[in-house]
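Based on the provided sequences and hints, a complete structural model is requested.
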Amino acid sequence: MNMMIAWLLPLAAGIALWLAFTPRRSPGWLAAAAGYGSIFGLLLAALATACFARADTAHAWTHASLPLAIFAALVALVAWRRMRGQAAVAVEKVENANKWIIGLLALALASLVFRGWLMLREIWLRPTFPWDAWDAWAVKSKTWFLLGHYAPFVSMPDWLAHPARELYTGIAWAYPATLAWMQVWFASAAGGWIEPQVNLPWFALWIGLLLGHYGQWRALGVSRVIALSALYGLGSLPLLDVHVALAGYADLWLATILGFAALAWLRWRRERAFGQLAIAIVCAALLPVIKLEGAIWLLLCTAVVIYDALPRRWRRWALAVSAAVALLLVFASRIDLPVPGLGWVELSHSRIVVPALGEYVLAFHAEALSSVLNALFVQPNWHLLWWLAPCIALWRWRTLRDNAALRHLGAFVLLGFGFLVFLFVFTDASRWAESYTAVNRLILQLVPATVTVLAMLCRAEPHGTAASPVARSQPG
Numbered sequence: 001m002n003m004m005i006a007w008l009l010p011l012a013a014g015i016a017l018w019l020a021f022t023p024r025r026s027p028g029w030l031a032a033a034a035g036y037g038s039i040f041g042l043l044l045a046a047l048a049t050a051c052f053a054r055a056d057t058a059h060a061w062t063h064a065s066l067p068l069a070i071f072a073a074l075v076a077l078v079a080w081r082r083m084r085g086q087a088a089v090a091v092e093k094v095e096n097a098n099k100w101i102i103g104l105l106a107l108a109l110a111s112l113v114f115r116g117w118l119m120l121r122e123i124w125l126r127p128t129f130p131w132d133a134w135d136a137w138a139v140k141s142k143t144w145f146l147l148g149h150y151a152p153f154v155s156m157p158d159w160l161a162h163p164a165r166e167l168y169t170g171i172a173w174a175y176p177a178t179l180a181w182m183q184v185w186f187a188s189a190a191g192g193w194i195e196p197q198v199n200l201p202w203f204a205l206w207i208g209l210l211l212g213h214y215g216q217w218r219a220l221g222v223s224r225v226i227a228l229s230a231l232y233g234l235g236s237l238p239l240l241d242v243h244v245a246l247a248g249y250a251d252l253w254l255a256t257i258l259g260f261a262a263l264a265w266l267r268w269r270r271e272r273a274f275g276q277l278a279i280a281i282v283c284a285a286l287l288p289v290i291k292l293e294g295a296i297w298l299l300l301c302t303a304v305v306i307y308d309a310l311p312r313r314w315r316r317w318a319l320a321v322s323a324a325v326a327l328l329l330v331f332a333s334r335i336d337l338p339v340p341g342l343g344w345v346e347l348s349h350s351r352i353v354v355p356a357l358g359e360y361v362l363a364f365h366a367e368a369l370s371s372v373l374n375a376l377f378v379q380p381n382w383h384l385l386w387w388l389a390p391c392i393a394l395w396r397w398r399t400l401r402d403n404a405a406l407r408h409l410g411a412f413v414l415l416g417f418g419f420l421v422f423l424f425v426f427t428d429a430s431r432w433a434e435s436y437t438a439v440n441r442l443i444l445q446l447v448p449a450t451v452t453v454l455a456m457l458c459r460a461e462p463h464g465t466a467a468s469p470v471a472r473s474q475p476g
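Numbers 1 to 476, taken from the working numbering, label the letters of the sequence shown in order.
FYI, nobody ran anything at the bench for these hints, they're computed from the structure.
Note that CB positions come from ideal geometry on N, CA and C, so glycine has one too.
One or more of the hints may lead you astray.
Unchecked claim - Simulated restraints, written as ranges between beta carbons of each label pair: (1) Asp158 with Arg351: 22 to 32 Å; (2) Arg84 with Ile306: 15 to 25 Å; (3) Gly103 with Gly148: 51 to 61 Å; (4) Pro157 with Arg398: 16 to 26 Å; (5) Arg24 with Arg312: 49 to 59 Å; (6) Val78 with Leu160: 48 to 58 Å; (7) Val361 with Ala55: 16 to 26 Å; (8) Ala278 with Tyr307: 28 to 38 Å; (9) Gly103 with Ala323: 44 to 54 Å; (10) Gly192 with Val78: 28 to 38 Å; (11) His349 with Leu125: 13 to 23 Å; (12) Ala278 with Ala303: 13 to 23 Å; (13) Ala356 with Phe422: 11 to 21 Å; (14) Ala69 with Pro390: 40 to 50 Å.
Pasting the structure below:
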């Protein structure tokens with residue numbers, strides 16, 4: 001009973017929050033509400049646990065459930081009042097599709113359901129696998145739950161310098177604790193540190209990722225056939241499914257929230273609805289709270305959104321200023337830059353120092369470049385995604401050229417890949433690429449946004465839709 005309430009309460013709070021921001025019912029709105037709502041709800045449970053259960057983590061869900069229930073009730077009231085003023089749901093025309101295409105999609109979705117069943121069994125029957133999920137991410141949550149209260153994690157030197165204080169350390173001591181608090185919520189509801197139950201949110205994350213993307217694609221005008229095809233393509237990616245089955249990593253959370261931010265921004269650009277803008281901002285702000293490299297994605301998001309918002313005549317000046325800053329970074333012997341979530345980052349000709357992550361020595365690594373290309377185009381982690389992506393972009397280049405929002409989202413993805421190539425090829429983080437320990441995990445963080453670009457490129461638009469403000473205001 002406790003576990004049922006621990007699941008239903010966050011789900012209700014998250015869906016209510018989504019509907020309060022997005023009361024307008026459009027194609028795919030139920031899927032979007034369930035997808036976004038489930039992820040928001042799990043993060044709200046983590047927030048409530050962090051705020052109200054630090055002194056008694058063993059009974060965390062009992063302390064945090066009442067504030068979360070009050071929040072859910074208030075937000076549900078706001079959502080009900082906003083939805084009551086909306087027009088009734090229009091009957092949506094069902095697109096005609098070849099029966100063979102429908103049959104193939106049905107088989108593909110059935111195989112996706114079967115894949116989900118296998119991943120669920122893997123989570124339910126296996127303890128946390130002894131890689132980073134066990135060695136880094138679950139350390140804080142398990143420590144706090146078994147200890148019975150919160151205790152700070154510090155660096156190894158600080159831990160050694162204060163032997164009399166109740167301090168703990170670990171390899172990921174500086175990483176955000178958001179997912180750790182979520183695990184404390186479910187561990188306390190389960191009545192013990194039962195790892196299959198603590199790790200079940202990763203299966204809910206997979207479902208929320210797929211539903212949220214499908215619902216937003218439909219609202220953005222993507223046909224059912226293309227949206228379902230993209231849904232299968234995203235949900236069946238081998239490495240993405242590995243991160244579900246071997247639950248405990250933060251990369252899939254970061255990928256999901258970054259993908260949600262991109263979708264909400266696209267809807268705001270299309271509809272100019274304040275709720276979608278607020279969701280995009282919230283999702284972007286959550287990125288550094290999930291994992292430290294989320295700060296980099298937040299910076300890139302901010303830069304692309306600012307560039308998109310500038311009048312066309314100012315964009316050249318913005319690019320010129322960016323080029324000047326880049327030249328300054330190249331020629332300056334040393335410069336310190338404040339990065340939210342990472343602190344003051346030191347840049348010099350020989351190294352990059354990130355306070356929370358360490359020092360990266362600059363040098364070219366040819367073997368790492370070979371490893372990156374191998375990870376993208378040879379290894380069976382991504383099916384044919386990275387072979388298809390440039391082909392679709394070339395095939396639909398006119399759509400990409402004429403749709404500013406889609407073009408800028410594509411630029412964000414390219415900038416993200418540029419950052420990863422620089423990290424793995426031009427710093428001593430190359431060892432993570434050559435050993436294939438992190439290269440695919442970091443690529444995963446850009447995958448949902450990439451699939452959104454491809455799905456939008458394949459969308460069949462009536463002539464003039466992209467240029468028409470009236471067409472942009474339509475729900476889909």
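Cross-check of the supplied hints:
1. Asp158 with Arg351: 22 to 32 Å: Holds: the Cβ-Cβ distance is about 23 Å, inside 22 to 32 Å.
2. Arg84 with Ile306: 15 to 25 Å: Given about 36 Å between the Cβ atoms, the range is violated.
3. Gly103 with Gly148: 51 to 61 Å: holds (56 Å)
4. Pro157 with Arg398: 16 to 26 Å: With a Cβ separation near 57 Å, Pro157 and Arg398 fall outside 16 to 26 Å, so the hint is violated.
5. Arg24 with Arg312: 49 to 59 Å: Given about 30 Å between the Cβ atoms, the range is violated.
6. Val78 with Leu160: 48 to 58 Å: holds (50 Å)
7. Val361 with Ala55: 16 to 26 Å: violated (44 Å)
8. Ala278 with Tyr307: 28 to 38 Å: violated (21 Å)
9. Gly103 with Ala323: 44 to 54 Å: Cβ of Gly103 to Cβ of Ala323: about 53 Å, so the range 44 to 54 Å holds.
10. Gly192 with Val78: 28 to 38 Å: holds (37 Å)
11. His349 with Leu125: 13 to 23 Å: For Leu125 against His349, whose Cβ atoms are near 52 Å apart, the range 13 to 23 Å is violated.
12. Ala278 with Ala303: 13 to 23 Å: holds (20 Å)
13. Ala356 with Phe422: 11 to 21 Å: At 19 Å between Cβs, range holds.
14. Ala69 with Pro390: 40 to 50 Å: Cβ of Ala69 to Cβ of Pro390: about 49 Å, so the range 40 to 50 Å holds.
Violated hints, listed in ascending order, are 2, 4, 5, 7, 8 and 11; each of the other numbered hints is respected by the structure.
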